[in-house]
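In the order they appear, the protein sequences are chains B and F.
The first sequence: position 680 = 680 (my numbering), numbered continuously.
Here my numbering = 1-based position in the second sequence + 820.
Hints may contain errors.
So the derived label-pair ranges between C-beta atoms look like this [stated by the list, open to error]: (1) F:M874 / B:A255: 55 to 61 Å; (2) F:M874 / B:I793: 43 to 49 Å; (3) B:G540 / F:A1009: 51 to 57 Å; (4) B:E278 / F:A928: 21 to 27 Å; (5) F:D881 / B:E278: 27 to 33 Å; (6) B:T92 / F:D870: 45 to 51 Å; (7) F:M874 / B:R700: 48 to 54 Å; (8) F:D870 / B:D196: 31 to 37 Å; (9) B:S66 / F:D881: 44 to 50 Å; (10) B:G327 / F:E929: 36 to 42 Å.
Straight line, CA to CA, 30 Å or less: simulated DSBU-like cross-link-like pairs of lysine-lysine [as the list claims (entries may be wrong)]: (11) F:K1003 / B:K200; (12) B:K70 / F:K1003; (13) F:K896 / B:K148.
Hints were generated in silico from the structure; no laboratory data involved.
Predicted model only: the values in this text are computed from it and were never measured.
In this text, a Cβ means the ideal position worked out from N, Cα and C, and glycines have one as well.
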Amino acid sequence: MMHYTPIAIGLSLLLQAAPVHALDATLYERIKAFTLQEAAMKEAEKPIEEFLAKIYPDSLIELEESDVDKALQKRDSEICRTEDDDKPDNPTYCQGYRDQVIDLVRRNTWLRMQIREWQYITGGYEIGIDSYPGRTVAIASRLPSILKIWQADTAVQMSPFVESKARGVVFDDPAAMETKFTTLETALTALDESGDKEDKEKLIAAVWRYRNGHQRIVASADCDAGQDGKGDGTELQFMTARWCDVEDALLDIYADTSAVVFDPPLNTGELALFPIQEFEDLNIYVWTRQDDVGLGWEVPVDNILPSLDCSDSYETPEECVDGAILGGTYPGELEDPEAGTMLCSHPFDKSGYLCRDRVSAVCPPILDTEVTDEQILLTGCKAPNLLSSQRRTESGPNMCQEGGWRSFTEGPTIAGASGPEAFVDTPGEEVDVDPGACSNCYVDLVCGCTGTPQEGLSAPKGYDESGNPTNPNRIKTCIGGIGKNSRYLIIHEVVHAQQHCNLPPGYENGWVESYDTTEGCCATEYQAYLASCGAMAEDGILPALGYSIDVCAAAFSDFSCGGPGSCSDFGNNPDLDAQIIYDETTQYIEDNYAEIGLPDTCEEAVNNLDPRAQKMINSMPLVCSPDCQTKFLNTIGNNLCFIGQCVEQSLEGHKLIPGRWTTTVQGENFPYESEAGKDPNLGAFFLSSPDLSVPFPPYRPYTLVQELDNALCQVNGLPKLFPPIKCAFDVRRRLSRQTYNLLATWQSLNDQPLEQQLEHHALSILAPGVGSRIGTNVYLLYFSTAVRAFEEIMHSTDDLLKGLGDVNFPTEMCERIVDI
Amino acid sequence: MRNPTTSLITLCALLISAIPTVKAAPEVGQRYPILAPCSRYEDRYTDVADFLNMQFEDWDDIYHEQISAAIEEYIKPAEEIKCTQDNLLPVSAGSAIGRIARSLPPWAEPDEFAKLKRTDIGSVLLEYLRTYECAMTDHNFFLPIDIITQKFEEAAGGGPPLQFIRGFSLMSVAAEMGARRIKMMEEFAISRPSLERSLMVVSGIGRLGPIDAELQCLQRGSLDLRNALALGADAAMCLPRVWDARDVLRDIEDG
Chain B
1 MMHYTPIAIG LSLLLQAAPV HALDATLYER IKAFTLQEAA MKEAEKPIEE
51 FLAKIYPDSL IELEESDVDK ALQKRDSEIC RTEDDDKPDN PTYCQGYRDQ
101 VIDLVRRNTW LRMQIREWQY ITGGYEIGID SYPGRTVAIA SRLPSILKIW
151 QADTAVQMSP FVESKARGVV FDDPAAMETK FTTLETALTA LDESGDKEDK
201 EKLIAAVWRY RNGHQRIVAS ADCDAGQDGK GDGTELQFMT ARWCDVEDAL
251 LDIYADTSAV VFDPPLNTGE LALFPIQEFE DLNIYVWTRQ DDVGLGWEVP
301 VDNILPSLDC SDSYETPEEC VDGAILGGTY PGELEDPEAG TMLCSHPFDK
351 SGYLCRDRVS AVCPPILDTE VTDEQILLTG CKAPNLLSSQ RRTESGPNMC
401 QEGGWRSFTE GPTIAGASGP EAFVDTPGEE VDVDPGACSN CYVDLVCGCT
451 GTPQEGLSAP KGYDESGNPT NPNRIKTCIG GIGKNSRYLI IHEVVHAQQH
501 CNLPPGYENG WVESYDTTEG CCATEYQAYL ASCGAMAEDG ILPALGYSID
551 VCAAAFSDFS CGGPGSCSDF GNNPDLDAQI IYDETTQYIE DNYAEIGLPD
601 TCEEAVNNLD PRAQKMINSM PLVCSPDCQT KFLNTIGNNL CFIGQCVEQS
651 LEGHKLIPGR WTTTVQGENF PYESEAGKDP NLGAFFLSSP DLSVPFPPYR
701 PYTLVQELDN ALCQVNGLPK LFPPIKCAFD VRRRLSRQTY NLLATWQSLN
751 DQPLEQQLEH HALSILAPGV GSRIGTNVYL LYFSTAVRAF EEIMHSTDDL
801 LKGLGDVNFP TEMCERIVDI
Chain F
821 MRNPTTSLIT LCALLISAIP TVKAAPEVGQ RYPILAPCSR YEDRYTDVAD
871 FLNMQFEDWD DIYHEQISAA IEEYIKPAEE IKCTQDNLLP VSAGSAIGRI
921 ARSLPPWAEP DEFAKLKRTD IGSVLLEYLR TYECAMTDHN FFLPIDIITQ
971 KFEEAAGGGP PLQFIRGFSL MSVAAEMGAR RIKMMEEFAI SRPSLERSLM
1021 VVSGIGRLGP IDAELQCLQR GSLDLRNALA LGADAAMCLP RVWDARDVLR
1071 DIEDG
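Generate the whole structure from the sequences, applying the supplied hints.
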């Protein structure tokens, strides 16, 4: 430690205070200034100055605000001013007064710095986790973006996962919004009361107040002009204060963003996120959604400190004395917000552990994994819970047949007074509808025609539910049920319509094939129930009951194909019973349909068709028929759906070999087929499937805790002992080498644990950091293999496209008959 | 009393960076100067990262400005992500972090500098802090000599060294020593806590930055793939022309 001789007067004047209130002070400069104040070597914070001037006892000397810094700098003669009447005559008393001021400053600064440190710690963990795009680390918004680029829209209905949906939207009038944001920035800047010293108490409180939006606050009560920017006189007064100018500016922005009309319309639970607006000088950004507008911190280093000044408050509680808020009073308990509001309204935060019930979905055990007692399996892959296959087609893969991935272009028409009119489905029967040149069928939703206890029925193409022939292009879909589940019945039956649309009309074609066996029935029904169970999950029904989508689909398939156990295979899981799942789901819909917003009759469900069902109906026309339009969102999946359906349609419908499908399973009936020449492009490019196995790293908490115990002992040079506290003390260390007297021996034995105390303390403090690092490593381990699998897909696709580009299209047709 | 959590969490921020990290062990046969004692008599620390070549009055300004610039730069998203390289987030020589790193012995060599990643900011700034503290400690040990040497050099004004200075007073040397020691005491009190707190705040960026960079690269690659497949879809639209082909490709309307 260095030695120095304190030098006399005037040297302290060399020390210059660094201004921290400048609007452009950087993060480091502000932290440095707070640290300097904590050291209490030069100056105190403005709130502390004001507070001390109010609470310092008048019986000693009258302390003014400007005296506080002088006391820190030990300028006694300026503080005491012996020539004044109310000052002590004896200047030696001055040092005592000055030391008391310094002590008060140090204690209050220490407390404020501790609270700031908590903010630094949590801010450091959370700085990279944010819901809104445009932030420094935008993982939460980048992941949905990548999903959106890859996903085919069929996955929205047919995938057994529900993601929280968000879409990015731009402002309709950026120039007008710029003016509104400038107004907001001005209102916020006005809250900064810094002068010679920083005083941002109100600005900081305002940002935290509107951190989670302004709508709930504004809805609770109008902003009272008499309480504008004022607190209630308690330590936490600014946590509940309101700032009318700021609220007006936020409301002005909200008026525009809430009025936006979305095309396509927002899905259930989907959020629309507008670009964030940064106020760099203030370290603040503004986030905007279609349902709220709020503020946030660029770098979250500021927090609301216990208030010390109540001179301007609109109330004077007991702890407010002469304008100072005295300590020692515990504030009242803050109320928890309602579920799904405040912090839990943000898109990413709502998936966090604070905002979501920690009830995991009841699902069967994961196949092909060995879980030991010491392991916790975080996640894994599994096959659907079916006894047999999950999907069947008549020929070919029928890519993207189920689910909706296209926007409306052409639809069926009905004869009108002045020509064909667009067909609008009603709950009644519509027989004379023309599907158009681009489609092989149309769907006619009819209410109440099941005639049986069955809830829904999709008749074979060209026939009604009784087997009587009708329009050969018509797929009559009967919706019965309890009325309140009509939405999901419609989605289910439309999937069946999709399965039958491109088949020839009649019972014999496809219908019997599908339902001839239980396996066929299960494979057909499972696909349809994936869509309806997926819709139920999106609407919150399945999460409330704790069932996953594939469990729901497997259980419901049982009831369409012969009863419980026909299709589903849940192992021996006692928590999964098809009948119970079916009954609970039906009852939940019956009890909560109004809250969910479900139509309560079939008629209402047909007249206000769910957008998901509409999209599936839009996807029925053929994609590649000449003169037919196809419109879809530009994603990788949708492009692949288009290419795949077009290639399939071409392979199944071409006329190169007259009257014959080339890719059916039937044998050759024409003698010259076996003598056809070899396709010169056969095997031109061949790809092996990428290896998509992603091993999930196991998480072994018990082993990690044992390793920590091991480390505690190794720090003391001992082997692992249980419990590890035994490593702190080994009686043999002293008894094998006695000291000169018993007292010294006793003292040494007593002091032995103290030797390792520092290492133990350091290790125990380090443990959370190491734990965090281990968690990050587990994530990195998974991510690196998952990204590699992704890379392989992209390489394969790249090779495929290159190969396509290298194909030489022959200018002559392949020889039909080759002399052998 | 400073919270020990602060320094240890900062240490963790230093440790939590993507694998592989800058090596903290020397090559065989080579001295690696991190955590080596730094004094003016130590090899590679002769001018203690150039501090001994500067006026003492400028030390704190220069140090704090450099640190502030590095942290401000780090808070902003990376300007460049090299998706096709192993090191996604390299440090450029012209950046604030790069300038600090190049002035320090561990990264003065181009080979070592090339291994630096953006997330190594903790290592670089803490080494810079250590060097700054080392410079002050070293200066304090030789304070009277350094001050006297400085006065004689100023009086010589670049010319031949002087034998004596008219009006030279030991009291002025003592006064200068006192002032410098007070300044150094203040700097010791605030430099380390300030840097550790700042690193604590920005450590989250370092923890998640590499993942964010990977995701950006994945996003860009996905967009490229989407565009390529969109071209494929455009090409597939022409497939109907093939359906009715007999011997040569022709338009259907031509009959």
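message: Of the numbered hints stated earlier in the document, which are not met by this structure?
response: As far as the earlier hints go, 2, 4, 9 and 10 are violated by this structure, in ascending order.
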